[in-house]
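Visitor: Read off the chains here:
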Amino acid sequence: MTEEVKKPDTRRWFEKVTPCKNLNLEREVKFVDLSEINKAWGKKKNMDIPIEKADDEE
Amino acid sequence: MSIIPIVPLQGSTITSKEKISISHGGFSMIQNYDPRFPGFEQRKGCAKHHTVADASLETMTLWQFNKGSKTERHLYRQLVDGSVQEATDNPPTVTTGAYGSDVLAAASGALPAAWSNMNDLAIFSDGARQHQIYGGTDRKVGAFFVGGIGTIGESDGVDGTRNVTDDDASTTATVGSNTLLFAMTDLPATSLKFTLGVANTTTATVTVSYWDKTTNTWAAVSGLADGTLASGKTLAQDGSMSWTAPTNERSTYLFGQSGFWYKIVVSASLSATASVSALAFNAPFQAIQNVFDGVLVDAIEAKIWNSTQLRYYQYAAGFVDVSNLTAGDYVYFSSIEPLMAAYIDIGATPHIKKATVTGSSNITFVDGGTSYDSIQTTDGNFLTAGFEEGQTIVVTDSGGSNDTKTGKIVRVTSNTITVQTGLLVAQANRSATITYTGTTPILNAFDGWTGSGWTDCMGASTDNTGGLIQSGYMIPDTILSVQPTDFDQSGYHAFWYRFKFGHTISRKVSIGIQIIPFYDIDDLGKVGISNNTFKNREFYTFTAYPEYIYVSASGNPLMLNGADYAILEAGTGRNNRVRVVKSFHNELIAWQEEKGGEGGVTLWEGFSPETFGKLILTPQIGILNAKSVAVLDGILTSTETDSKIKTLAFWLSHYGVFITDGRVVSLASGDIQNYFDPKKSEYIRAGYEDKMWLTYDSARYAIRMGLVSGSSATVPNIFPVFHLTDGSWTFDNLAQGLSCLAEVEAASGAVYSLQYGGGSSDGFVYRLNTGLNDVDTAINAYIDHELDGGGNYLQLRDTVIRCKSQAAGNIAQSFALVGNSTFETSPTATLSMVAETSGDPYRRHRWRTNLRSNHFTVRYSHNTASESSYLLDVGYRLKQEDNNR
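One line per chain: the protein sequences are A and B, in this order.
The working numbering puts the first sequence at residues 1 to 58.
The working numbering puts the second sequence at residues 1 to 885.
There could be a bad hint or two in this list.
[As the list claims (entries may be wrong)] Mimicking EDC-like on lysine to aspartate or glutamate, the simulated pairs with C-alpha atoms at most 16 Å apart in a straight line are:
| # | chain 1 | residue 1 | chain 2 | residue 2 |
| --- | --- | --- | --- | --- |
| 1 | B | K353 | B | D379 |
| 2 | A | K21 | B | E587 |
| 3 | A | K16 | B | E547 |
| 4 | B | K535 | B | E605 |
| 5 | B | K879 | A | D55 |
| 6 | B | K879 | B | D762 |
| 7 | B | K354 | B | E389 |
| 8 | B | K70 | B | E745 |
| 9 | A | K53 | B | E867 |
| 10 | A | K21 | B | E605 |
| 11 | B | K48 | B | D762 |
| 12 | A | K21 | B | E569 |
| 13 | B | K879 | A | E52 |
| 14 | B | K70 | B | D212 |
| 15 | B | K70 | B | D226 |
| 16 | B | K408 | B | D379 |
| 17 | B | K353 | B | D367 |
| 18 | B | K67 | B | E881 |
| 19 | B | K644 | B | E745 |
| 20 | A | K16 | B | E569 |
| 21 | B | K48 | B | E18 |
| 22 | A | K16 | B | E587 |
| 23 | B | K70 | B | D138 |
| 24 | A | K53 | B | E881 |
| 25 | A | K16 | B | D523 |
| 26 | A | K16 | B | D564 |
| 27 | A | K21 | B | E610 |
| 28 | B | K535 | B | E587 |
| 29 | B | K804 | B | D840 |
| 30 | B | K17 | B | E547 |
| 31 | B | K879 | A | D48 |
| 32 | B | K508 | B | E388 |
[Claimed, not checked] Residues from chain B shown here face chain A by an in silico Cβ test under 10 Å; the list is partial:
| # | residue |
| --- | --- |
| 33 | S2 |
| 34 | I4 |
| 35 | G256 |
| 36 | E337 |
| 37 | D488 |
| 38 | P517 |
| 39 | L524 |
| 40 | L560 |
Since the hints were made in silico from the structure, they are not lab data.
Note that the Cβ used here is the ideal one computed from N, Cα and C, for glycine as well.
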């Protein structure tokens, strides 16, 4: 009688959590300013509305 | 007049900042406008899908069940009382009257449901009852056999499956000259729909039986109505045999296939040419069951109780020596699960019921004198004929010296049988016959352990081995009360069964024992929370062990057992419920709800239990409910240095709108983070998590959401829209608040993809993105453009705007100063959108504004029913003040 037969795995069908391999995927974690987070869609530019300089600055 | 640079309108609403903190040219609100990159176009309105509301109930979820194998659509809505209705008309047809009729009854405490489609089966989970499954209309049967007897291990019958499921009316399954038909479905059915090739002409009626779990055998259905009956002849016309859904039905294993089998017994042989060209079934939504995957499972081990020696002998279940088992001896065996049937494999060592050899002048009898006598043959066939030591044999040799001698075998080889001394007279080359006639062991008991004793479960046809003469199934009556036990101090708990025969088994018999287990879905849980289809498997979660995800075997959503079934554990050990499971590119992501400040998002790769790999994306951020996530392929994202097409998942958390690309979790709602800031009065309301939603709207290429904002709202009242082209935010102000949104395939018309929304408190379902009004209400569209002098005073001398020409209507322009929310009564402008010259596509206005402030909010608004508006670009003549004090 083998050791395996002496101590069978009698966990039932709803008890055996499937062992998963650990995915060591490359991750890059950055801490970024919330205001910069939307860079995922590129840096959203505001409309470039010109302001004329004051006359006394000219 | 000086030239004003005209700037195309584009940008995002920022509500998380003070107005004067919004950068020059930004927007504090873009309401009911969609960006057009550039330009802003007023969003479309909505229309009622049906004319009569249903008790003003909130529509929690909407989902279209759309089959892949044929054109069949069902639009379901889940109401806040837990009931589910099917729409009377498929969109875009508007129903005069109420939405539809109930397909699932109300259920207290229902959550926003998860829906999925696997193999054209609709699966529904609402947190208030068992997972529900539905096969739609006229689903094809899985198997159809003509003839046979209908027992586990069936060997007879003609397979007509292909001919009744091939969509070819010219190929049929002949049922004529038969009285027994068997059909298998992958769900419990309540009707079988026959399309006939040749009608039966014999007068006959049918009885239909299902497999009953309490008796583990056939039981007649109740309420049978035979729609194929005509003039007293069954199968005489196309139609359905229908019946009342039994309460104790379960799957069984016939003709080598596991499923829900039906036995149709015809009272008289069908006419010879009768045939069936198509066979389908129907059934309502019903609770899922657990169907045996069709792969027999080895028993754990076995013990033989020797009633003479009063002791047990222990064996591996694959080799149990039952030689010489006497009438009082038991075979005990253990199983991890309760059994439906046990397969007894006798291999090459059957019980010997009879052995006989007749010689052809080549049998020689040897008188051994004081030693044993013997019988010899030149054929060498004594062993293969079944002779064994200990057998009592009879020699018949008409006219010979040893005719009708009875003796007992001492030894046997292929060519010599040795018998007792003094039995035989020497005589050579006879054509004698040697015969052993044994017993046929009759199964005498089959018991299961039920906690404190053995309970008889031997049925009338339990033994199909013929007394260990052939391999076969033992099919006991079900013992639903079977209990695990540490039998004979085996060292483990399992389900134990035993059987014995009323006769002695011959001396060289060994058997192997496998079982067909009975898997009770209630062992996983009685209340389903979420589901999803991924890589041809169905993924379920329950209220019991709520962080576990149960993964069906490939190809069948009801096979939650066997080597191809898996249990995945989300998160890091907390029992937070998995509320959503979604396919994500080639991966799977599960979201757990947030409890105590923690949730969890877990990703799996792989396609089978052997290959699943796990990555926890975040143990912190979780999700609000099942309708708060959208997964989208092909999103172009870019950084300052790179552009990538990605699959992204968006979801709602207490902490914001989050995005993941399957590796990193990021916040997307920075611009509107005030709604997720507990310090703000507009913070999303606790206790109303299941009311909020987030869904993709393909017509607007945007993620739309509904938030319950503030301390008194009870349904969504803020509707942000996240535009995927550039990540900008706008807000919808909906005349009819929505609690959910769904993409729907149109059943008619020129538009393939439609969007439908469920009313949050009015009992209506709406078609979205259609018309110019929210039903009859004008759409109040405006943008608030922020112009900031950076603390310096500016003169706003002139403004210019261009818009797309409309048949009628005006843009109202107004101004608020230094960040005020109240707009000045003067100056204002009413700017016509009507083409200056008929046919002009655009309309331009420039007017003298003459305002002075360090910050301007410029509002462009349109709020007239049955009109649209499309703002293109604006220009301002802004000048710093000389005197800037």
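Visitor: Now look at each hint and say whether the structure bears it out.
Guide: Hint check results:
1. Between B:K353 and B:D379 the alpha-carbon distance is near 22 Å, which puts this suggested pair outside the 16 Å criterion.
2. Restraint check for A:K21 and B:E587: satisfied, since their Cα atoms lie roughly 14 Å apart, inside the 16 Å limit.
3. Between the alpha carbons of A:K16 and B:E547 the distance comes to roughly 14 Å, so the proposed pair stays at or under 16 Å and holds.
4. Distance restraint check for B:K535 and B:E605: the Cα-Cα separation of roughly 11 Å lies within the 16 Å cut-off, and the hinted pair is therefore satisfied.
5. Restraint check: the Cα-Cα separation between B:K879 and A:D55 comes to about 9 Å, which is no more than 16 Å; the hinted pair holds.
6. Proposed proximity of B:K879 and B:D762 is contradicted: the alpha carbons are some 51 Å apart, above 16 Å.
7. Of the pairs offered as hints, the one joining B:K354 and B:E389 holds, with about 14 Å between alpha carbons and a cut-off of 16 Å not exceeded.
8. Distance hint between B:K70 and B:E745 is fulfilled; the C-alpha atoms sit about 14 Å from each other, no more than 16 Å.
9. Restraint check for A:K53 and B:E867: the C-alpha separation of about 40 Å exceeds 16 Å, so the hint is violated.
10. Restraint check for A:K21 and B:E605: the C-alpha separation of about 9 Å stays at or below 16 Å, so the hint holds.
11. Of the supplied pair hints, the one linking B:K48 and B:D762 holds, its CA atoms being roughly 11 Å apart against a limit of 16 Å.
12. With a C-alpha separation of about 12 Å, the suggested pairing of A:K21 with B:E569 holds against the 16 Å cut-off.
13. The suggested pairing of B:K879 with A:E52 holds, with an alpha-carbon distance near 4 Å, which does not exceed 16 Å.
14. The straight-line distance between the Cα atoms of B:K70 and B:D212 is roughly 32 Å, outside the 16 Å bound, and the hint therefore fails.
15. Using a Cα cut-off of 16 Å, the hinted pair B:K70 and B:D226 is violated, with the two alpha carbons roughly 27 Å apart.
16. Between B:K408 and B:D379 the alpha-carbon distance is near 21 Å, which puts this suggested pair outside the 16 Å criterion.
17. With a CA separation close to 28 Å, the supplied pair B:K353 and B:D367 exceeds the 16 Å bound.
18. With a CA separation close to 67 Å, the supplied pair B:K67 and B:E881 exceeds the 16 Å bound.
19. The hinted pair formed by B:K644 and B:E745 fails the criterion: a straight-line CA distance of about 29 Å is larger than 16 Å.
20. In summary, the hint linking A:K16 to B:E569 is supported, as the alpha carbons are separated by about 10 Å, within the 16 Å threshold.
21. For a cut-off of 16 Å, the pair hint linking B:K48 to B:E18 is broken: about 38 Å separates their Cα positions.
22. For the suggested pair A:K16 and B:E587, the alpha carbons sit about 22 Å apart, so the restraint of at most 16 Å is broken.
23. About 11 Å separates the Cα atoms of B:K70 and B:D138, which keeps this hinted pair within 16 Å; it holds.
24. Simply put, A:K53 and B:E881 have alpha-carbon atoms about 8 Å apart, close enough for the 16 Å limit, and the pair holds.
25. For the suggested pair A:K16 and B:D523, the alpha carbons sit about 13 Å apart, so the restraint of at most 16 Å is met.
26. Distance check on the hinted pair: A:K16 and B:D564 sit about 12 Å apart at the alpha-carbon level, within 16 Å; holds.
27. For the hint pairing A:K21 with B:E610, the CA-to-CA distance comes to about 9 Å; that is within 16 Å, so the pair holds.
28. Using a Cα cut-off of 16 Å, the hinted pair B:K535 and B:E587 holds, with the two alpha carbons roughly 9 Å apart.
29. Between B:K804 and B:D840, the direct Cα distance comes to roughly 9 Å. Compliance with the 16 Å bound is thereby established for this hinted pair.
30. A threshold of 16 Å between alpha carbons decides the hint, and for B:K17 with B:E547 the separation of about 38 Å lies outside it, so the pair is violated.
31. Between the alpha carbons of B:K879 and A:D48 the distance comes to roughly 15 Å, so the proposed pair stays at or under 16 Å and holds.
32. Between B:K508 and B:E388, the direct Cα distance comes to roughly 8 Å. Compliance with the 16 Å bound is thereby established for this hinted pair.
33. The interface hint given for B:S2 holds, since its Cβ lies 9 Å from the closest Cβ of chain A, which is under the 10 Å cut-off.
34. Of the supplied interface hints, the one on B:I4 holds, with its beta-carbon coming within about 9 Å of a beta-carbon of chain A, less than 10 Å.
35. Hint status for B:G256: violated, given a least beta-carbon distance of 22 Å to chain A, over 10 Å.
36. Look at B:E337: its Cβ gets to within about 6 Å of chain A, closer than 10 Å, so that hint holds up.
37. About 13 Å separates the beta-carbon of B:D488 from the nearest beta-carbon of chain A, more than 10 Å, and the hint is not met.
38. The restraint placing B:P517 at the interface with chain A holds, with a minimum CB-CB distance near 8 Å, inside the 10 Å limit.
39. With a least beta-carbon distance of about 5 Å to chain A, the hint placing B:L524 at the interface is held under the 10 Å criterion.
40. Annotation: interface hint on B:L560 holds; nearest CB of chain A at approximately 8 Å, less than 10 Å.
Comparing the model with each numbered hint stated earlier shows that hints 1, 6, 9, 14, 15, 16, 17, 18, 19, 21, 22, 30, 35, 37 do not hold.
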